[in-house]
Amino acid sequence: MPVLLLPLVSFVLLGIFGRRYLSAAAGSIATLAMLLATGLAIYCAYSYFDGGKTAGIYNAVIAFRYEWLPFSEGVSIQMGAIIDPIAAMMIVVVCFISLMVHILSLGYMKVEGRLHAYYAFLSLFTFSMLGLVLSTNIFQLYIFWELVGVSSYLLIGFYFDKPAAVAASKKAFIVTRFADLGFLIGILLLAFYTETLDIPTLIERLGNANTAWSMAMAGAGFMGISALSWALLLLFAGGAGKSAIFPLHIWLPDAMEGPTPVSALIHAATMVVAGVYMVARFYPVFSMDAMVMDIIAFIGAASALIAAVIACTQTDIKRVLAYSTMSQIGYMMFALAMNGSNVEPGLGFTAGMFHLFTHAFFKSLLFLGAGAIIHLVHSNELQAMGGLRKRMPLTHAAFFIACLAIAGIPPLAGFFSKEEILTAAFNANRLVYAVGLLVSALTAFYMFRLYFSIFWAKEPALHEGHQEAGLLMKLPMVLLSIGAVIAGWAPFARFVTADGRPLQTHIDLLLAVPPVTLAVLGIGLAAMLYKKQNEWPARLSAAMGSLYTAAYKKFYIDEIYLFVTKKILFNAIGRPAAWIDRHVVDAAMNGLAHTTSAIAVRIRALQSGKIQNYTLYFFGGVAILTVLLLFVWK
Amino acid sequence: MIPLSHILVLSAALFFIGMYGLFTRRNMITMLMAVELILNSVNINFVAFNKYLYPDKLDGIFFTLFVITIAAAEAAVAIAIIINLYRSHHSIDAEDAGEMKF
Amino acid sequence: MNDFFLLAKQELALVLIIFLLLIIKVGSKEWENPRVLGLINLLLLLNFATGFIYQQEGILFNEMFHTSKLIIIEKNILNAGTLIVSWLAFDWLKQQQHVIEFYVLLLTTLLGMQLMISAGNLLMFYLSLEMASIPLAALANFDLQKRQSAEAAMKFIISSAFSSGLLLFGISFIYGTTGTLVFTELPQQLQSTPLQLFALVLVMAGFAFKISVVPFHLWTADVYQGSPVAVTAYLSVVSKGAAVFAFINVLYTVLQPLAASWYPVICVLSVATMCIGNLFALKQTNIKRLLAFSSITQAGFILVGISGSSQTGMATVLYFVLVYLFSNLGIFTVVALVSAHTGKEEVADYKGFYGTNPVLSWVMALSIFSLAGIPPAAGFFGKFFLLMAGAGKGNYVLVVIAALNMIVSLYYYLLVVKTVFIDKHAQAPVDAIKVKSYPALALIICSAGVLTLGLASQVYEYIFSISQGM
Amino acid sequence: MMSLSLLILLPVLTALAVLCCRSLQQIRAVALTGASLQWLSSIVLLLAYWKERAAGNQDAMLFREGYVWFASFNINYHVGVDGMAVAMVLLTSFVVLAGVLVSWHTDYRPKEFFFLLLFLSAGAYGFFISLDLFMLFFFLELAVIPKFLLIGIWGSGNKEYSAMKLALMLMAGSALVFTGLAGLYFATAATGRGPHSFDLMDIAQMQIPLQAQLLFFPFVFTGFGIFSALFPFHTWVPDGHSSAPTAASMFLAGISMKLGGYGCIRVATYLMPDAAVAYAPYIIVLATIAIIYGAFATMMQTDLKYINAYSSVSHCGFVLLGIGMLTNTAINGAVMQMISHGLMTALFFAAIGMLYQRTHTRMLDKLGGLLKITPFISTVFVIAGLCSLGLPGLSGFVAEMTVFMGAWQNSGHWYRLATILACASIVVTAVYILRAVAQTVLGPVTDPSYTRLNDAAWNEKMAAVLLLAGILAIGIIPFWLQQLIAPGADIIMQQVSKAISIK
Amino acid sequence: MTASQLVFYCLATLLLVGAVLAVTSRKIFRSAIWLLFSLLCIAGLYFWMELPFIAAVQIIVYVGGIVVLIIFSIFLTQQSGADMLLPVRSRQLFSLLAVITGFAFCASLLYRTEWLPAGNSALNTDVSVIGEQMLSTTHYGYVLPFEAVSMLLLAAMVGCIVIAMKTKPVKENSAST
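Protein chains in written order, with numbering that gives the first Met the number 0: chain S, 0 to 633; chain L, 0 to 101; chain R, 0 to 469; chain V, 0 to 502; chain F, 0 to 176.
None of these hints come from the bench; they were simulated from the model. Think of the CB as a built atom: it goes at the ideal place given N, C-alpha and C, for glycine as much as any other residue. Heads up, some of the hints might be wrong.
[Claimed, not checked] To give an idea of the interface, some chain R residues facing chain S are shown, with a C-beta separation under 7 Å as derived from the structure: (1) F161; (2) Q190; (3) P193.
[As the list claims (entries may be wrong)] Subject to a maximum C-alpha distance of 25 Å in a straight line, what follows is the list of computed PhoX-like cross-link-like pairs (lysine-lysine): (4) L:K100 x R:K282; (5) V:K371 x S:K161; (6) R:K392 x S:K633; (7) S:K161 x V:K50; (8) L:K100 x R:K343.
Kindly produce the complete structure, drawing on both the sequences and the hints.
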């Protein structure tokens, strides 16, 4: 409970009084609150994993729950906190990364204005993310889901006088909103059939194919797909939007317009994995529907591959990282779906969660590193960098560790989680496995392309005055580096599994060889191409031709979206609607008035001012009435 | 004896002749004359009804007497108005007195 | 005969006043206008007061004259209207040469109207109708120097003569087919023969003329526009009210056997009146002419109430006329003041009026809202009840048409409000008018009436208790 | 015990007191005092209501007062409230107080302005607490003309046209309502007091003949619908709102449109449940069109007030959708949406008004970057926008979700389609709101002269905080509102379910 | 055909001819004379119906009063004996149509109507009877209309004088003749 409340208090405090009274102390207050929250989160997770086990199973513990908004009998929104292994894992991750980012921001954002707002938004985000993670109720999940979205919106648009930032924030919000529509309808469907919004109850009712609710839901269908599949697909769509899964990923690269610490927090480690978390949260239900699982697997794999390909071509450091994030999330996503018959059930789940955990460390480390670099060179473009290894040794080291980790080089964190995923995929779906391997290689390639471009390529130039950032920026990097190194050694499968029972995992050496080999090959290629400035990259890209251009242009997905929104929504629907409103509906109303008025003008001749006409009309009136009365109405 | 209906038709004819005059005569005084014809036709009606159908009372006769009186009053006022109108308009053509319209 | 003086007290009072005025006229040459007017207003007030004593039913002169509480109320309404007209025209009358003649004519018409309402005999009815019309024509001509006044009077007298000719023609047929002129004997003799129906149409046309119902309304606008404001006010309120009262009395009692025939006629006339009245009103620029068409429209609404044919119908019609009287006279007071002080009678002259004359503007707005049927003004209640009376008959088409017409009428009423409150005058708006003595009284009474008549239900309930249906 | 008549009396007395004032200071003081008293009394009403309910009072209507008014028509002065009415009264008092605060600096004919504003509020209060159809209609019409004057005199732009259009269309609405009410009246059976009845509670007990219901329901519903921007009779909304002065816009969108929604529920659906069931599909179709079409039309607007006005069309569509869906939850949602939209749109208009007052433009392309210059107003603007797009934690979300949940309980395919379309509108809402926010308060400052602008004054801050408090009170802890409304909705739904079960 | 019938038809013909000429003659004086002629024919009709008192009143009031008034007003308002203007063509057409159909309708209605059986008693139209009834307040008394009509005449006279009074400066006038 206090875990949740501290960031909230911090947000409220800063939000309301920040500008006038607390602008100087905003950072300290928020960081302090975050520090406390992290401590509590770790304590909470520790005590849960330490003592929460009954009969060998980690049961979900519902810390508290309030009725928030009842809809109808049984269906109501409740606000509460549930702690189960994934939630415990997530709160630690969220709090820890958030703390790191807070600390970093103390240094990074020093020179910016409106710091109170910045920290307020950060606090709001942390609060919402924690609320999301701890949701007991599917609607609560949705509520915090939206709140996370809006804090992301606010933070991306923090530099609100930069049109690009404003546009990016808008885009992020709208795309995720569009996905949320699916989520919402999915919720409606689930609520309608299961008559509950409570997550444990819901899982209980749908986690078994033989309950009345499951059968009702599987029985009802639309367009040949059962209601359950619809609901799950729609939920997944919501998750895909937030987690930047293809094709709803387009907001993520643009979201890099926000301050870099924010990208580290939200768009690398926490918010973007919300979709994965959501699928994991409903894993027992998802696992009931093989078709949906397949779809998730393929979309996840496709997303991982496409993002990896695009990442190879981008030149903006943060965008590369963004696509990398997208690719890794695709990884996690398909990992979740890997529960084929000849594999230990739940291995994919554990692997996905594990990767989420490890990824948080090295990806935020990468962003922090990138932040430090951008802070120094004041540019996001790779061209502006190069040869920085001497000027910022610590950053260099951290970045290197992170790259190794993400490339899956043992014994760093990424290796273990990736290994588990590939093991699960190998046993469940060979096609996905193949894609996984390819992506693994590509990852190593583009990460080291980045690494070499930044820190090598040019000769180090020491004479420039700027030096590496201060302690406040170094500390989180160091901490995260440690995390990136050791996180893989965590006995993850003992704690976080699909059904709460510990899972025995081991590294299958045979299966570990190909990815590592591929990764090393990728690194080698990258080193060859980018360690020194040379002609090769340009030639290679020329050789790839249209594929390169397509990847560079992000496969034209943005253009397609732009076409849909600008041409179809705005021009084909919005404009006609507005036009119709003014020129048809309103014109009809005005036309009524004009007709009346026109009639009034036409019949003026009746009142001719000539007395004899009057008498004649008078007589006409008598005649009409007589005819009516004597003949018509007889 | 003449049937009642003949007298009534006569009066109706007179009525409509008067009406025609009222509709078409542009001189206001002649319009007034047409009105007198109309009133007279009604008088004939009353008298005829009284005489032919309801001779036990004198309702129709009295009605006629009062109509005649009122016709006189009406004519007097109308003529006064027409004379006044002539003063301001210098014409008693009904077509000329149509300033107010629409 | 003993209660003759009491039963016919209102008429007698009027006759006395008329003679007193004539005596003053003959006997004295020094009386200044304000003094005369003061006396006359006092007398009119007394006359109005007579209506509140001895409210008994009774028949006089061999059923030529009958009276009842209902009729006394109706006469009281007319007396009140005349009194207010007299007040509101004070500023105009002060400038006139023939004040006493004005009142002699005015009171004669009032006498005629009262006799008309009390008439128990077709002869008496016709006679009082003429009595209520002929002097009015002379009154319409009272702005002797104005061309329009003469034209108005001419149009009025010719139309009136024509209409009374038709009415007489109808009455003659009624007499011919029934053999009687007495109201109480007529219903037994009416059997809807074609000739009687023809006569019915003619008689209704006669009434319709007085109430200015379409298509017998064409004189209205011209006469209202050309006449002096006081006469217009009187025409639009008192004269019309009297005709409405007489009409509803005759319809509900004498013509009751023909109800099946006159009901659709009333409906048709009502629709035509509302629509045409509104359509014409839309394009008017002269305020008196606008009010003329507005009064035509109001007549259409009254017909909706009349069509109710019930106790509610009668009560609502009476009530509406009462409300209409206060509302319309409220506007006319303002119009009369402006006209008397500046001679301006166009709607456009009222631009920026609120800036210079806020109180007058508010009274005007209040009265206009009452006419438009906007709460809390009494007009809202009046209209609501009228239409309820109409709906009671189950004729919802009529009600819908009436309700829609209220929207159209709101448009031109609001145009006036807009002119007064919103528009800015290009040059100089009407100067601030000092409202003194009687016109001020008229303003107060009208506003008070408009505000209280609706909210205080006692008035309506009293009228309802003395009304009767068919 | 709480005297409901006070709610009508207070604004009337205040309005009259304003007329008697001599100086600007006095006028402001009196108006503010009056509005605050209204606000206080509505809070007291809420507390008293809770107290009564807590004490176990299960009557449908509390604090009833009744006097005979027009005995011959069986018209009574009859007031009383259930939770729904209490909620609407609360809404009114919030918006009125905020409106008075926002208009603090009205210096052109301030006396008349505050008089009309307070008078208007009397109409709204009266409407919400009336239990007699005549009274209800009386107050409905009472609130039309002050709007005309407010827009016409203090408005901007094409104000005369807008004012006239608004007045005429609303009048058309009330004309239809009148016809329906008259028909309903004559379809009622005799009560102890008269041959027919106008009394809401009496009529609810009667079985109105189906024929009469089918005939008169469209009149009543369409009539009230016009007030509530029912497609295609919504065209007064954009023009009226955009031309109105700030306080009038707030009142129009915040309260006036709710009169319609409330009437649709309280009169049309409650008294003619059979017809409501029969006509529900048409209502749903129109409401869905309004939601979607309104949202898309909003997307193309370039004037802030037009944006909010069109979005009101869309949002009020939710109210009608909720009513048309005829489930407990949906009706609940409809009422919540009324409250929420009332507060939110009032806040939005207030913010727009404040911006307009400073920049003298409401065009999107002329504004920009105001967050830096007027942070308070801009923040309020953003929050109102976020509320409008249904952000959790603010009231819009609660209401919309309730409507969706309620709507989804109808399982027919067409119901589903309507619900999904309505849900889809939240995306479009996000598009236009963010567009407005982005172009107005975000981005670079477009006009150097803006840099000299002042942020909100105390009165504006108070108004905004007041409305924000309402929005947050619903957004963060919605269950009190739900519990307030639910019993009333249940009673209405009992009628409807009777109608359904008869079928 | 009896003499009585002959007289009636002659009178009727003359009456109608006179009336038609009265409303169509282009010369206003002739018109007035034709009106006089028709009014006299009507008086003749009353004589024919054995109602000498009514006939006398008709002659006295109409011929002696109204027609004289009309002729005076013609003198006052007509400069010369020029032809009057022709009526507006379209209106004339419509009027003719209206009048002819109206008359046809009316006549057919009158012919088809079955009248109530006639009373037996003979009409007593002695001047004394009329006079007595005129001023009686009891049964069949007409004193109220009589008084009313006198008020009306009074008012009409006042009105006429006010309106037709030529000069403005004369402030006081013997209004109550």
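Holds or violated: L:K100 to R:K282, with C-alpha atoms at most 25 Å apart: holds (12 Å)
Proposed interface contact between R:P193 and chain S, which counts if any beta carbon pair is under 7 Å: holds (6 Å)
Given pair status - S:K633, R:K392, alpha carbons within 25 Å: This hinted pair holds, its Cα atoms lying about 21 Å apart.
Satisfaction of hint between V:K50 and S:K161, Cα-Cα up to 25 Å: Violated, at about 53 Å.
Cut-off 7 Å, beta-carbon criterion: hint that R:F161 touches chain S: Since chain S brings a Cβ to about 5 Å from R:F161, closer than 7 Å, the hint holds.
Hint consistency between L:K100 and R:K343 [alpha-carbon to alpha-carbon, up to 25 Å]: At roughly 18 Å apart (the allowed maximum being 25 Å), R:K343 and L:K100 satisfy the hint.
Hinted pair V:K371 and S:K161, Cα distance within 25 Å: holds (12 Å)
Satisfaction of the R:Q190 interface hint, Cβ to chain S closer than 7 Å: violated (14 Å)
Hints 2, 7, counting from the list given before, are not met by this structure.
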